[in-house]
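*Asks:* For this one, chain Z is given, so just place chain H on it according to the hints.
If you're matching them up, the sequences are chains Z and H in order. Each residue of the first sequence is one higher than the one before, starting from 1 at the first, in our numbering. Each residue of the second sequence is one higher than the one before, starting from 1 at the first, in our numbering.
Take every hint as true, because none was put in to throw you off.
List time: in silico BS3-like cross-link candidates among lysine-lysine, alpha-carbon distance up to 30 Å:
#, chain 1, residue 1, chain 2, residue 2
1, Z, Lys75, H, Lys119
2, H, Lys93, Z, Lys122
3, H, Lys93, Z, Lys31
4, Z, Lys54, Z, Lys106
5, Z, Lys31, Z, Lys54
6, H, Lys93, Z, Lys106
7, Z, Lys75, H, Lys135
8, H, Lys93, Z, Lys54
By construction, these hints were calculated from the structure, which means they are not laboratory data. Being a predicted model, the structure only gives us computed values, none of them experimental.
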Amino acid sequence: MSLFSNVIPSFGRSNACDANGGAADLGATVKPAFRTSETAEAYGLTVYLPGVTKENLEITGENDQIRIIGRRAFKQPEGWTSLHRETADATFELVLDHTGGVDVEKIQAQLQDGVLQLTLPKAEALKPRKIAVS
Amino acid sequence: MRIVRYNYPNYRRFVPSAGLFDRSPWTGLETEIDRLVQTALTGVATLTGSQVPVDVFEDQANTYVRAELPGVAREAVNVEVVDGVLNLTAARKQQNDGQEESTSFSRSITLSDDVQPEKIGAAYENGVLTVTLPKREVATPKKVTVEVR
Numbered sequence: 001m002s003l004f005s006n007v008i009p010s011f012g013r014s015n016a017c018d019a020n021g022g023a024a025d026l027g028a029t030v031k032p033a034f035r036t037s038e039t040a041e042a043y044g045l046t047v048y049l050p051g052v053t054k055e056n057l058e059i060t061g062e063n064d065q066i067r068i069i070g071r072r073a074f075k076q077p078e079g080w081t082s083l084h085r086e087t088a089d090a091t092f093e094l095v096l097d098h099t100g101g102v103d104v105e106k107i108q109a110q111l112q113d114g115v116l117q118l119t120l121p122k123a124e125a126l127k128p129r130k131i132a133v134s
Numbered sequence: 001m002r003i004v005r006y007n008y009p010n011y012r013r014f015v016p017s018a019g020l021f022d023r024s025p026w027t028g029l030e031t032e033i034d035r036l037v038q039t040a041l042t043g044v045a046t047l048t049g050s051q052v053p054v055d056v057f058e059d060q061a062n063t064y065v066r067a068e069l070p071g072v073a074r075e076a077v078n079v080e081v082v083d084g085v086l087n088l089t090a091a092r093k094q095q096n097d098g099q100e101e102s103t104s105f106s107r108s109i110t111l112s113d114d115v116q117p118e119k120i121g122a123a124y125e126n127g128v129l130t131v132t133l134p135k136r137e138v139a140t141p142k143k144v145t146v147e148v149r
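Next comes chain Z alone, as it looks inside the complex (with noise of 0.2 Å):
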């Protein structure tokens, strides 16, 4: 799969929006947009979810996988015809690994304005680190 993925990149990427949704019960997902940074110190991670509030926000870390669902607050009022629609109504689903990288216990999140910001501390052990010569 990924000898294929680098001669026609379009086979290796996943449609935005998949049907099946990461979990069962989240039904139809779409990845939002995000940007990742990063320090000697951490990881940054910036997530674009408008219309997510700290309540309809979660954010696990099992398996090495680090993963945020934020599900949209907003409902279509009773009497309002929608006349275009470009968003969608479908849950905001994030998948990362990192594979052991990242300490979970230190995450630090502050979700303002639907700008989700994180900021992944590096483990210890990749740390950079100097060696003593004896």
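*Replies:* Here is chain H on its own, set in the frame of chain Z:
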């Protein structure tokens, strides 16, 4: 370990309709085809991040426009109506590794004639801007009975 950023194409469902504020039903399709051609030629999908998904709803009294603009400060959002066109512009400043990065968004939507521009309201919450456009009250047709002599 490295975090490698994947840029996924952001598929959106377009519902073209002839009655949408005089916008051509093909505009959405054209944009999508342009984007697909660009992806095929360069081999990498570019998530430009300055596209604004917009929903339009209406009920008896108002038309509502919802735009997804995460991370924008309230003061940086501009909502203007000029000549029957609703212009939404916003700027977002971000700190990325100590460097400030700013992205600007803009979207224009042609409004139908029955909107009262003076009474437009807008609210920004959780990264979503909702613009409420009241409709003009329709005068009830007066019935005049004429006696024929």
